[in-house]
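All chains should be built: construct the whole structure from the sequences, respecting the hints.
The C-terminal residue of the sequence shown carries number 372 in my numbering, and the numbering is unbroken.
Hints were generated in silico from the structure; no laboratory data involved. Take these hints with a grain of salt, some might be off.
Below, in silico cross-link-like pairs of lysine-lysine (DSS-like), each with a Cα-Cα straight-line distance of 25 Å or less [what the hints assert, rightly or not]:
(1) Lys323 x Lys257
(2) Lys249 x Lys323
(3) Lys257 x Lys369
(4) Lys369 x Lys85
(5) Lys249 x Lys265
(6) Lys342 x Lys249
(7) Lys249 x Lys279
(8) Lys342 x Lys323
(9) Lys257 x Lys279
(10) Lys279 x Lys265
(11) Lys369 x Lys82
(12) Lys173 x Lys369
(13) Lys254 x Lys279
(14) Lys265 x Lys173
(15) Lys323 x Lys334
(16) Lys254 x Lys265
(17) Lys257 x Lys334
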Amino acid sequence: MWMILDDSLGQADPSDANVRSALEVLLYAVGRGEHVIAAHPSVARWLLSIDLSPVPRTVLRQVLDSAPDLLARLKSTKFRVRVVAEGVHPLRIDASEWSLPLEWIRANGVPISCILGENTRDAELFRVAAMQHGALVRTGVSIQIDVGSGGGADTPRVLATEITAKRRFVLCITDSDKVCPTAPQNHTSSECTRISSSNDWITTHVALNEREVENLLPTNLVEDVILALSPSDLDERLEALKRIAAKNDKAWAFFDLKEGTSLNAMFGACSKFWTEFREHPVCRNGSNTKCIDEGKCLAESRDACKCLIAPPLGHKIVDHVIAYLAKQSTHASAKRSSTSSNAARWGEIGALVCEWGAATPKLRS
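Here it is as structure tokens:
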């Protein structure tokens, strides 16, 4: 996490044992490679006048030497924690900045950063996105972040437990289950947003703009994985999806890549988005003619409609992508991802996670 030593620390009492203890705890955490910290030169110089252990002093010297660069980069960060001299409890300053008092640090230590997904594989995938972003952009910082599982629909409860425990700075990312761009996000995401924004702990929630994490995957990586798997008809399904998406560059984000996109997507609030695909040759050829021409689904319960207008890729795509990436170098896979049609969105999520887990390299002993 990006952290800044507030100007109020420039007046900290060097004789106060509690102040020294809190600074030691904070700066040791940075020295372990868990966070990155910045400070105005005057603040860093003042703190160097305090009788601190060798490791904290080394960290402070690095902060002082790199102050112009760190402060300039801090201005463009999405998230930051401000370490302050006064107060007892963490406070939310605004949607992307929090204050963390020295006294709280002295009593509780410095939490590590965590990415909480609906399951561990999702969280791991978001971490990969961060690693690829770092490789492409050359951020100059390391990424140190835990991965956590929310348990699907149980994610709001898990997030609330994390907030109560206050042992980790939590970035929670969930699926939206949106069937089209204008659809509302699901209950799980709405609850996570409410919980994360209604307390002062260092946590935030991001609901994917896409339907699910599968839709966030760089399309080129999905294509590479399917080619490596060499299934009998999976490559044909992928080609069909690519042909449909060629008509609308937003379509890929809302396909049901697990079960296949049902004709019932044309009903209700998302009908305007999907109806244009009604006459697409791939959609017509992939559906029973009764589904489209005779309106078979209209005569049935919409939830029970089994007519597909776009084929599925299966439930294991994320697993296959993670396994595939484990055999690739981060730099090579990042370059491949960057040429995908949805590379910008993958990069946006990677940048958020990269910031949340930002850390300086661990000090060598």
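Each hint tested on the structure:
no.: 1; hint: Lys323 x Lys257; result: holds, 23 Å
no.: 2; hint: Lys249 x Lys323; result: holds, 19 Å
no.: 3; hint: Lys257 x Lys369; result: violated, 42 Å
no.: 4; hint: Lys369 x Lys85; result: holds, 23 Å
no.: 5; hint: Lys249 x Lys265; result: holds, 16 Å
no.: 6; hint: Lys342 x Lys249; result: holds, 21 Å
no.: 7; hint: Lys249 x Lys279; result: holds, 20 Å
no.: 8; hint: Lys342 x Lys323; result: holds, 24 Å
no.: 9; hint: Lys257 x Lys279; result: holds, 13 Å
no.: 10; hint: Lys279 x Lys265; result: holds, 23 Å
no.: 11; hint: Lys369 x Lys82; result: holds, 24 Å
no.: 12; hint: Lys173 x Lys369; result: holds, 24 Å
no.: 13; hint: Lys254 x Lys279; result: holds, 15 Å
no.: 14; hint: Lys265 x Lys173; result: violated, 35 Å
no.: 15; hint: Lys323 x Lys334; result: holds, 17 Å
no.: 16; hint: Lys254 x Lys265; result: holds, 21 Å
no.: 17; hint: Lys257 x Lys334; result: violated, 30 Å
The structure does not agree with the numbered hints 3, 14 and 17 stated previously, though it agrees with the rest.
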